[in-house]
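Protein chains in written order, with our numbering: chain A, 15 to 199; chain B, 203 to 788; chain C, 113 to 365.
Any given hint could turn out to be false.
[Unchecked claim] Mimicking SDA-like on lysine to any residue, the simulated pairs with C-alpha atoms at most 25 Å apart in a straight line are:
| no. | chain 1 | residue 1 | chain 2 | residue 2 |
| --- | --- | --- | --- | --- |
| 1 | B | 784 | C | 170 |
| 2 | A | 199 | B | 234 |
| 3 | C | 163 | B | 743 |
| 4 | C | 343 | B | 415 |
| 5 | A | 42 | B | 229 |
| 6 | A | 199 | C | 258 |
| 7 | A | 83 | A | 94 |
| 8 | B | 657 | B | 251 |
| 9 | B | 651 | B | 692 |
| 10 | C | 163 | B | 325 |
| 11 | A | 83 | A | 70 |
| 12 | C | 343 | B | 394 |
| 13 | B | 390 | B | 204 |
| 14 | A | 199 | A | 68 |
| 15 | B | 390 | C | 301 |
| 16 | A | 199 | C | 225 |
| 17 | A | 187 | C | 283 |
| 18 | C | 343 | B | 393 |
| 19 | C | 163 | B | 761 |
| 20 | C | 163 | B | 229 |
| 21 | C | 163 | B | 733 |
| 22 | A | 189 | C | 280 |
| 23 | A | 187 | C | 204 |
| 24 | A | 199 | C | 317 |
| 25 | B | 651 | B | 575 |
| 26 | B | 390 | C | 291 |
| 27 | A | 62 | A | 126 |
[What the hints assert, rightly or not] Footprint (simulated), chain B over chain C, 3 or more residues, beta carbon under 8 Å:
| no. | stretch |
| --- | --- |
| 28 | 216 to 226 |
| 29 | 258 to 267 |
Bear in mind the hints are in silico, worked out from the structure with no lab data behind them.
Quick reminder that beta carbons are idealized off the backbone N, C-alpha and C, glycines included.
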Amino acid sequence: MKALIPFVAGAAIALSAGWAGFPHAIYKSRPQPVDFSHKVHADKAGTKCEDCHAFRGDGTFAGLPALDKCSACHAAAMGTTAEEKNFIDQYVTPGREPQWASYARQPENVYFSHITHVRRGLVKCEDCHGNIGSADHLSREEEDRISGYSRDIWGNDGRPAMTMDGCVDCHRKQKLEHSCLDCHK
Amino acid sequence: MTITRRDLIQFVGGSALGTLFTPAPWRLITDTALWSENWPGIPRPARGEIRAKFTNCSLCNAGCAVRARCVGDRPVSLAGVGGGLCPFGLTAHHLPFHPARPKQSDGKDAIAAVTAAIAGRRPSEHVVVLDSRPGRTASWTYRRAMAALPGGLYVSPPEPPVAIDLRSARTVLSLSAPLLDGWGTPAKVFAARDGFRLIQAEAVESRTAALADVWLPIRPGTEEALAMSIAGELSAAEAARITGLAEHLVASLPQELQKNGPALVIDAGMSPGVVELNRRLGAWGRTVFPRPEAPVPESWRKAAPPTELAAVSDGSVRVLWIDESAPGQYFPWEAIERKLAANALVAVFTSWMGGYARRAPFVLPTAVYPERLDDVPMAIDSAAATFRIAAPLVSPPPGVINPEEFIAALAGVAASDALRQRAAAIHKRGRGTLLTYADGKSVPVRDVKSEDFWKALNAGGRWEDDVAQALEPAARRPFPAPSPQAAKIDDYPLTIITESRLAGLASPSLSQIYQESNVRLAANRVALHPADASSCGVVDGAHAVLESQRGKREVTVTVDASVRPGVVLVAGLAEIGAASAKVVRL
Amino acid sequence: MNAKRYGMSIDIDRCNGCGACMVACAVENNIPPAHAGIDERKGLTWIRVYKVDNGEDYPGRRSAFVPMLCQHCGEHTPCAGVCPQQAVDIDPRTGIVGQMPERCLGCRYCMAACPYHARYFNWFDPAWPAGMEQTLNPDVAPRMRGVVEKCNFCHGRWHAAKERAAAAGTDEIRPGDYVPACVEACPTGALRFGDLNDPASDVSQDAKRPESFRLLEKIGTDPKIYYRSRKDWVHEIANAPRPGAARKEADHA
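Excised from the complex, chain A in its bound form (with noise of 0.2 Å):
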């Protein structure tokens, strides 16, 4: 047995290693440029999803509001946060837009219609986002360091980030599967 000593010390380590320490260096983690709270929108503004990730007219998703949906608000300090006076003084006075990190990025061949999700397959927001709207803070965005792919895109539920396996296990379910076509372009 003790002649198994070395073999198992290194299976041990390696594990550890490839468990708790790969995780944490394979993702570097940088914050959002402001601590938006999509809690207090919620439930002190009443604002729902759609008000602010928008579709337009002809049906494009507009994702990320630009700062003008947040000036129309904020352009006065509203509470008395000191997140909001800095977010006032940093972006909304010069009508700087703030440089916000996508959970959600995909690769160019990539094609997703979320209009076609939300209104025709009646796919709610958290689904795949998760529970981001009852949030009080946003997540720190955790990106691969090799491929640049965010680790959270399915609301941090622990399903490995931006292969195409989680996608089309639900269109498998949901006997979706036609063409390529539909999601790549």
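We have chain A already, so just place chains B and C on it with the hints.
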């Protein structure tokens, strides 16, 4: 305890086995695959809201209506409103990035040199603006400036004296005019195509000849003889001898044009002979009209009249500005050079290093469509006057010069809102309709306020005059004498026929129709009949030299039996101002 | 929703060989300008206009222009059958034969299999003059070197039409919303696009005309591009077993 090599190997083996049961190697494989998809140097198209902007294309006088699909503010594709954009118009949004644009300049050294030259001008010497695209509002600005400058002359290529209306024609005889290949306004031509029978008289089986109802394969340069014979000025036998057509064919043409009228005869520039022929065929007021022009402010009428280049005395030009900023017609450089005085100063306004810029010491960079605010001259197939502004789709880069404002400033003429003044003059007259492209509506000008009229023209639209004003019948004119045929030079046995091409910048994506498919003749290609190719010792795709009295050029050969034996088809090279050439294998 | 069969009808008698379709396709699909080394054998011309003629010498010569693009074969699609990567995907709802450059490994077996020579290989990485990348279409992904690409009937526009339909609350796209770039650009009206399964559409009516034909019908690919011409010689060369064979057989007859 000593650590043996065996321990080490066991340790490594254990680590390897352990690693396989962690996510690490599998993630690394996936990540490497994902990394390999983001290949460096493959651009990622910009995202943004898709918007439409409208304008008129100012690359040629057709002035097609354009809808630009923009991502944010940047056009990513162009389409015709109601169709009709040509390959040049479809890729014009690439032009701002063309590598052949001249470098930025503030023009200060040019201004200094020109001011000195004007000051030192002798009384007999001229200060000339050569406008390669006459008929614009900018052209009126030049004419006003030259009227204000002592010794000022405005020179431009001649504009056709008439306009045609294809919709009223039932039989069209085209004398080598590329009617179905860019002559006129494509959308209008093809909309009217099913309404007329087309007879194409041309030496090569061009695109128009291939699609015409009848193709008459005449000898090159014999269009005039054919016109004269139809007008009754030349016997059918003689015309048949000159053109190489069968006599009965030539004899039947006048009857066909009279019986299946209204007739229309066209050639590339609507020469005086063709205009007179049309008058004799009864086309005046039906398919041929005097060339209209949109109204101009009264105060502009004091402008200098256009002068022909040939009418300028040799060696009398002290200062020459050439405006080739908008693609237009080219004079061979020799014709210009002989008019220059010994110490002449030449400055070129251009967006392209390939034209006169190679000849001039001062190159003044200008904005290019779709960056520039300009208007489009009358198209040949608009019987009613139109006013079309090419509104900019993007901002020009820093360091470009506005040619008309430059010249106007030197002459002390106010010109910065010339287009607006013109729009006001049109609006004041109260005639015609305003078409707006965004909503497709057509409104009488009377019902639009002046301010809104100007805004609508800049947002993508055009003004069209009411048609059919009372016409005086055109006077019968003697038929012009035929121009002398250029003497054949033994050294240069092949007659040159030029396939006209839009001058100026062309998007690199046009490689689709040139390099990548040879479906159109590229600038460095010539086409020869197989018999001529074999006597010149060249095969399809061979490199050769095209040589004429004017000079030599390296070309690639296309062998095509659509080309008449004895003819070399050349794609619009300005330097070959010669009539005949030879092709020598390289 | 009934399955559609998207196809085109092309009027050879109207095509003037201007090349607007070729250029519009390049703009829509982010096809880069040709490198210096490229000639007509190595181009990326997803739609390419060929000049054909009746084989006579001048002045009996008559020419015509034939736009060639992927024929979206319906039966035994040759390129789909040979691909080792399953990078060719046939959509049962639209009949569109889709090429997936992201799966392609560049063996070019499909290029050999395609009887219409309608597939093109990226010999080089794409390169645009500085700044011109700002004019790229976000609805189509640029490809890197080493992969094969071909006409997908402007699927980016199909996506946009689907989104418009979803915004209107339906899955059915409006025919006018989905027009490929080549058809939109054609100034003569020679190209038409539509659903061959819809008896009211222009293309399905054009397909039934007596002067309509398809290329290489005898090999059984069931292509969805219908050409038509009233000129007999065009039909002769379209049906000839080999280039020039029609004339030789006529001479012998």
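Hinted pair residue 784 (chain B) and residue 170 (chain C), Cα distance within 25 Å: Holds: residue 784 (chain B) and residue 170 (chain C) sit about 20 Å apart, inside 25 Å.
Restraint check for residue 189 (chain A) with residue 280 (chain C), where alpha carbons must lie at most 25 Å apart: 23 Å, holds
Satisfaction of hint between residue 575 (chain B) and residue 651 (chain B), Cα-Cα up to 25 Å: 22 Å, holds
Check of the stretch 258 to 267 of chain C against chain B for coverage (Cβ-Cβ below 8 Å, three residues minimum): violated (count 0)
Restraint status (C-alpha distance of residue 163 (chain C) to residue 229 (chain B) at most 25 Å): Given that 25 Å is the threshold and the Cα spacing comes to 52 Å, the pair is violated.
Pair hint outcome, residue 199 (chain A) versus residue 68 (chain A) [Cα-Cα no greater than 25 Å]: Roughly 23 Å separates the two Cα atoms, so the pair holds.
Residue 390 (chain B) paired with residue 204 (chain B) [C-alpha distance capped at 25 Å]: 95 Å, violated
25 Å limit on alpha-carbon distance, applied to hinted pair residue 343 (chain C) and residue 394 (chain B): Distance of about 22 Å is within 25 Å: holds.
Given pair status - residue 733 (chain B), residue 163 (chain C), alpha carbons within 25 Å: 20 Å, holds
Given pair status - residue 325 (chain B), residue 163 (chain C), alpha carbons within 25 Å: 59 Å, violated
Satisfaction of hint between residue 229 (chain B) and residue 42 (chain A), Cα-Cα up to 25 Å: 15 Å, holds
Hint consistency between residue 187 (chain A) and residue 204 (chain C) [alpha-carbon to alpha-carbon, up to 25 Å]: 19 Å, holds
Taken one by one, the earlier hints fail for this structure at numbers 9, 10, 13, 20, 24, 28 and 29, listed in ascending order.
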